[in-house]
Structures are given as structure tokens and as C-alpha cells.
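**Student:** Below are the chains, spelled out letter by letter.
There are 2 protein chains.
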Amino acid sequence: MYLDPQSLAPSSSPATPAPRPLRVGMIGIGTVGAGTFRVLARNQAEIAARAGRGIEVVVVCARNLARAVDVVGTGVALTNDPLLVATHPDVDVVVEVAGGSGPARDWVLAALRAGRHVVTANKALLAEHGTEIFAAARQHGVVVAYEAAVAGSIPIIKALREGLTANRIEWLAGIINGTTNFILSRMADAGLGFAEALAQAQALGYAEADPTFDIEGIDAAHKLTLLAALAHGVPLQLHKVHVEGITQLQAIDMVCAERLGYRIKLLGVARRRDDALAQGLELRVHPALLPATHLMAQVNGSMNAVMVQGDAAGSTLYCGAGAGSEQTASAVIADLVDVARLAGGAPTQHGVHAQPIAAAPAPAVLPMAATRTRYYLRVPVADAAQGCAQVTQALADCGVPLQTLLQHHEGPGGVGDLRAGQRHVVVLTQVALEADVDRALARVAGAAGVHGAAVRLRVELLA
Amino acid sequence: MYLDPQSLAPSSSPATPAPRPLRVGMIGIGTVGAGTFRVLARNQAEIAARAGRGIEVVVVCARNLARAVDVVGTGVALTNDPLLVATHPDVDVVVEVAGGSGPARDWVLAALRAGRHVVTANKALLAEHGTEIFAAARQHGVVVAYEAAVAGSIPIIKALREGLTANRIEWLAGIINGTTNFILSRMADAGLGFAEALAQAQALGYAEADPTFDIEGIDAAHKLTLLAALAHGVPLQLHKVHVEGITQLQAIDMVCAERLGYRIKLLGVARRRDDALAQGLELRVHPALLPATHLMAQVNGSMNAVMVQGDAAGSTLYCGAGAGSEQTASAVIADLVDVARLAGGAPTQHGVHAQPIAAAPAPAVLPMAATRTRYYLRVPVADAAQGCAQVTQALADCGVPLQTLLQHHEGPGGVGDLRAGQRHVVVLTQVALEADVDRALARVAGAAGVHGAAVRLRVELLA
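Line order of the protein sequences matches chains A and B.
Residue 1 is where the first sequence starts when you use this note's numbering, and the numbers rise one by one after that.
Residue 464 is where the second sequence starts when you use this note's numbering, and the numbers rise one by one after that.
Treat each hint with caution, since some may be false.
Examples of chain B residues toward chain A, derived with CB under 8 Å [as the list claims (entries may be wrong)]:
#1 Glu509
#2 Asn630
#3 Thr779
#4 Cys782
#5 Gly783
#6 Glu789
Each pair of labels, with its calculated beta carbon distance range [said to hold, decoys possible]:
#7 A:Ala364 / B:Gln602: 48 to 58 Å
#8 A:Leu65 / B:Ala832: 47 to 57 Å
#9 A:Gln279 / B:Gly724: 47 to 57 Å
#10 A:Gly100 / B:Thr756: 36 to 46 Å
In case anyone wonders, no lab produced these hints; they're calculated from the structure.
Model, not experiment: these values are computed from the prediction.
Don't be surprised by glycine CBs; every beta carbon is placed ideally from N, CA and C.
Next comes chain A alone, as it looks inside the complex:
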């Protein structure tokens, strides 16, 4: 039921022949690849009508050809040579959904050099090799589109690149890793410890057998690298992102955060600073306390959300599924339709997908010590009263203003066990400098009566 939109309009221009279908070569037919193929097939008519031309997968590269046949049937050419797909003469656009930042770089560069557009879901590849890859795309007059690389089905790349293009972006903050959001939601809502929550996540398929990339915040850092480049016009600088994962979080911190009116999420933050103390870009991934009543704090399970503050738009929030076969496919296909609509136009049209160009020198990424925010500190102490005095003295001596102080007790059986156990001094500061908090924590560590490593979490008010 493919309709040519041209045929519906009495047009003043001479009759144009129906554009031929956009021919797609896919590298990878796993979760995302299979989802892409399925949705392209199922919604073929709608997609063709909206794109103005059909979109056809003509060749697929898979490691497991038998599995590939199960997904794509017998009408599609199959190969296990990615470079064959990347440079195939009958392909207009290469969909790279195999993942990994090693060989994928070669495949993508080969495709670009052969004059093929590339649509990818590969955040690791672009975070690490994006500078080279986008330059190659620009050089060869083709596009690299990556909506599927960040936040699943939420069209956040398009929102930043186009919907909010009138704005100077002041900051963005995102819950952009579903695995860790699921784990933290279970810790907060079911009182689980980290190990138990991770095990549940693995059992339910929300975490990999090797969950390192997710729980150490690396995946979130890849995605933040892409978002920051788009929003703030900075180069892709993965190595400059300060990264802390969630492995040090304990149930007691979820409980204390809640008592104080907050909820802990793994957050990626890219925030412009232009004050007396620093001018540049904060770029950091770490667990953060969000006000419990804020919408972002209530994005739970494996959902993702990105909030953006623009100077004209004010703040906008985008939430949805951060991963999933068809969810990610939705983003891949949105990019394919964009490419289809390019219709071989001049490179200027490709400007939409080119690496963002900053109009002014891009802000420099600030060192972590220059971060300015509120802090949650938890210090295990031998004696509660002495501990309070020592902690408050250290904060005062280092210029860290205090907001709230709690004395928290946890019996041997954990939170809620009233038997004699470990006491903690829990502090919420006012706005302070990271460097000053570092010094205060160093003093606290040396204080008599402090019983172990202090925990420091940053607060994000999303304002």
C-alpha cells in the first residue's frame, strides 16, 4: 500500500518519477538489528508514506547465518563479511548495530569512504572514535546518524540537534543507563543491597553477565559525551568525563537520602559554568541525589530521561524506554527516514547530521575540583556526639556551609535493626566547591573517632 505523496498533489512542477527505495545494508542482526528488520517489515507502508520512498534491507551481515535466516527469511542476501556490506554497490546506507568500538570503526569508516551514509546505535564507537568518524562523513558528504545510540526510543538527539536549535543550552542532565536505574530503583523501593539488586537485574535481563560497562558508569559516560558535544558544541571528549558508577552505594544511603527528601539516580550532567569561580563545562557521571518530588526522581525501573535547560525554551524533559529491541529500532528507523528524505540533496542538507559546529570557541571542560553543587556526606563514627563535632569543625574550617545534619544509626542486621551497631553522621551541605569538600573529607578521614571511609554523593536540584 505504498503511496507516492507526489501523486496526491496537483503539482505545478513537471511529473517526477517515484523515487526508488532507500537500500539498506545491515551489520548485525542481534537484538537491535532484528528489531529494526521486524519493525521495517511490520510498518512498511506507513514508513514508506512518511519517508516518501520505500526502505528496503538488501543485505545483512551476521556472525550466525542460521540465526539471521530465522529473522530475515530468504529474500535478503546474507554474508558474514561486514566490509562487504559496508562497501556494497547496491547499498545507500549502512546500519551498524553490531556494537563494540574495535572492528566497528573499520566498518564505519569503510562505509563512509565508499560514500555510504551510516546509521548506528554504537555509543562506545562514537564516544571513542567519533571525531575521526564525523570528519570522514563530512569529507565524503554523507551523514552519520546516531539517535539509537542514546536513550532508546526517546528522540533526544533530534530534540537537541533540531527541536532546541534556537537555544544556548545551559545544562542537561540524564538518567541514561537503564541497568543502573533498575538496580537503584530496586535498592530504594525494596531496600535491597547493591549485590542483591544487581543479581535481580541480571536474572530479569536488565543487566549483562558482565555488567561492568553499566554499573561503573562507562556506558552513561559514552552517551553523555555525545549529548554534551551536541548541546554545548564541545568536541567529543570521553576521557574528560568524570566517571563514578554505583558500586559503592549501600542501602543505608538510599534510606538516608529518602529521609532527607531525595532519591538517588546515576546521572550524567553537562552544565555550563560562567561565574567568578569557573568558566567552562562541568562534565560528569556519578550517583546523585535528586529532590524526591522532581519528575526525574520518579523515572524508575529501566526507563531513561533527559532534562535540558535552554535559554529560550526553559526546561524540557524527555522520558521513555532506554533500551529494548523495538524501542531502539524505532530510533534506528527514524534516522533511516531522515536519510531517505535527504533524497540525494546537496551536502548542506547533510548539515543536520554533521558534527555540531560551535559558533564560538567551545567551552573547556572543567576539572572536577571546580564543580559547584550541594553534597551529601556520610561519615561512620565511633561516638555520635564527638563525630558530629568533628565533622562540623572540618566543614567549617574548609568553607563548606552546612544545611542539614542527621545522626543515623544502623544495627548489625542493617537499617531498621535497633541493636547497638554503627553510627553515622550524615550531612547535606549548601552549595560548595568540590575542592573544599575534598579538603574537608581529608580532614574528617584523619579525625579521631571516624570509623571508615566517608561517602560523598552530589546533589542535583535540576534547576
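Given chain A, put chain B in place with the hints provided.
**Tutor:** For chain B alone, coordinates are given in the frame of chain A:
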């Protein structure tokens, strides 16, 4: 600091001259027009870099020329003739931000017939005359872009038209009128009655002196008409939208909804039905009970939010400021940048902005009687026990299954006054047919001991 992106890339194509700026003619320099002018000026360099060319306002039409000079200065041609701007030889795109669905139709059609693109914030115009206007755009090979017509700075039109283009949209639901959201938030959070909350809204500038369009749901209906056409491929059918405003809501309903675990919002719903009872599209604007824990229920004040359920993407949620000078300007300029990027390409590129074409026959809009949802009913009664019996009997006789029943008392001083006053039977049904609820309410109205008109509100679970 305008950078030509072409100059940064060693390109294999012959050197292309820098594209000339996109020339804009504005009709209207009020709240949205002034905001647009200001943001274009302030973020000129960024916008030019992202668009690949400058964007210049060359002529402005205003009723009050003195006011216009205050906003645009002396470097821009001024006129009070909209048709002069619409057909101006030095204008590429006409920005229509004067509003109203009368003369604006003539200006927009004149612009399109003169081969000018149009960017508009005018939801009333498009809801009423969009069919004719989009047809004229298609006929003349130009675009009509309307991001600013719905949900302020939230790029929802782009999300539906492009970001979610891979999907068959199952339903969408939106809080798309900031005036009524502000009023309902005050009623729920401060316990105000409708009149008092409206007065506060007017005093704070969230409601007009004549608030009819907003409080009667008409503005929301205009916007829903546009969203539904885009999402479901139906023609623009404003006259088929069932519209109920918020003027009948009382503080007691906010209280009862909260007791039941819900929060009341004015909602626009476009939901596909494909079950044994109905096949088509529910299209309705009315106050609705949302589960209090749902993110949508916590979108308060004058904020807007739209939730979309796609068959591949799952559900995505978009929140932000629904109105405001620079917020709406952000959307106008996003459209201008899209037009700038078209760079005079073939009509196929314009397909992105053309009226959506359905690949299959568009679903028919269902009569309201076919609506299937849960209901909140409040019946004022003389005697609580007899009232309960009468109401439950009427529901049972009409096939409306009951979920929860409360007896609610309100003394003469209103909610919380324990002196003898008015008793109400409050019911939450399970899923029921509107037609059956109509019949049940008709029976209840005739029952002895019923003390006044029953209130019926629909529940929306957003699932």
C-alpha cells in the same frame, strides 16, 4: 561570528559559495513575535552555524508601529499591511504570529500562493482551515511548519512527525493548555474553588481577561486536532472532537479524586480502538482522573506534557513550558532552521512538513458513546444509604461494573466542614462503555433521593 560549515570540511565537491541568509517576514510582533525577534538576535551566531546560513528578519507587520520599533529597532522595514509581508519579494518565509483564525487565513494563503514557506504558532487557524492550508502548501511546493502551535517549547510536532516516524501510534494523551493546568493545580493543591483559582490565574497572567477558549477546552481541542492528524493520519477534524472544559469542576471533586488516588487534569486524548465493540479513533478533550503516582499527574502549574504510545517505541513522555514569549519563540525558530536547511531542495524534502499522508484509510472518529474507559461519578443524595442502593442498582441494571464506592460528606462550609450538609455517593467504575454510563446516569437522575446533577469524569490510566 558566522561560520560557514562548508569551509571547515575539505570537501570533494567544488567550492560552493556561502548560502545567502534566509529572509523572514513577520506578521505580528506581540508576545511570540517579540520573543522570536529577540532570540534570533541574541543567539544569532549559534543559529546561523546550525542552520548553515543566517536567518534575518527583513520586514515586520504590526498593528502598533511604535511598539514594533521598540522591539525591532530601526534596521527592519515596518508596515501595518500583512499582505505586503505575505507576498513581499524579498521574503523567503513568512512567520505568522498574529493569531486568530479569520484574516490570518488570507495572509497565510497569500504567502503560500506567492511561493513563500510559512511558519506559524496559530493552532486555531490550522485546526479550522488546515486542510485548505496544507493543500495549498503542497500545491505550491512550500511548507507550513507549526511546532509553535502546540505545547510551547516542547518539540512535540517534530517528535511525532520524525522521531517516532517508525511507529504505528496507538494513543497519545496531552496536558496541552497551561491556563487550565494552572487552575486545576491550584484547586488541587490549595483547595480553591474554580472561580477563585481562575481569578488567581488571571491576576498572575496565566489566564486571559476572557478565558473562554482556555477554560472551555477549545484551545486544547485545536491542539489535539493537530496532534491527532499527525499521529494517526486522520484529516483535521476539529468539529469531531468531543470537548468538555473545566468550568463544572468543584473543589469536592479534587478532594474525592485524591482520596481515590487520582489527580484531575484537562486531557486531550486520541486513542485508536480496534476491539469487538469499536474500530476507529477516540478523539476527546475533557477533565480526566490520572493515577496520582503517574508522571503526567505531577506535571503542574502551567506546564504541558504529551505522552505517546507507539507500537515499537513503547511510551515516551515530553514535558515543558506550554507557553511564554521565548518558549514559543524557541519552537518558531526550530521551524525556521528546518526551512533554512531545505536550501531550495526538491519538493520531496518538503514532504517532512506536508500534511501527513496515511498509508491506509484513516480510522474514523468514533462517536463519544463508543468511548470505553473507567469513570468517576459523584451523585449528590438526600440519604446516604438509600443513595448508595439507588446508584449501585442503576449501574448494575446498565452493565456498568463498579470498582469502588465512597460515601462523601461536605458540610455547609465546604470540604472538611463536619456540620450536617450535603452527602454524595462517589463511584469509581471498572472499564465501561460511555453509552452504558449515560443510561445509568439517566436512571440515577430519575431516582428518588438524588439531590442534583451527577458529575461524570473519565479516568485515564495512560497505559
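**Student:** With reference to the structure, classify each hint as holding or not holding.
**Tutor:** Results of checking the hints against the structure:
1. Glu509: Given a least distance of 5 Å, the restraint on Glu509 of chain B holds.
2. Asn630: Since chain A brings a Cβ to about 6 Å from Asn630 of chain B, closer than 8 Å, the hint holds.
3. Thr779: holds (4 Å)
4. Cys782: holds (4 Å)
5. Gly783: holds (4 Å)
6. Glu789: holds (4 Å)
7. A:Ala364 / B:Gln602: 48 to 58 Å: holds (51 Å)
8. A:Leu65 / B:Ala832: 47 to 57 Å: Once the Cβ atoms are compared, 55 Å apart, the range 47 to 57 Å for Ala832 of chain B and Leu65 of chain A holds.
9. A:Gln279 / B:Gly724: 47 to 57 Å: Since Gln279 of chain A and Gly724 of chain B have Cβ atoms about 48 Å apart, the given range 47 to 57 Å holds.
10. A:Gly100 / B:Thr756: 36 to 46 Å: Holds, at about 39 Å.
Hint check: no violations occur; every hint is consistent with the structure.
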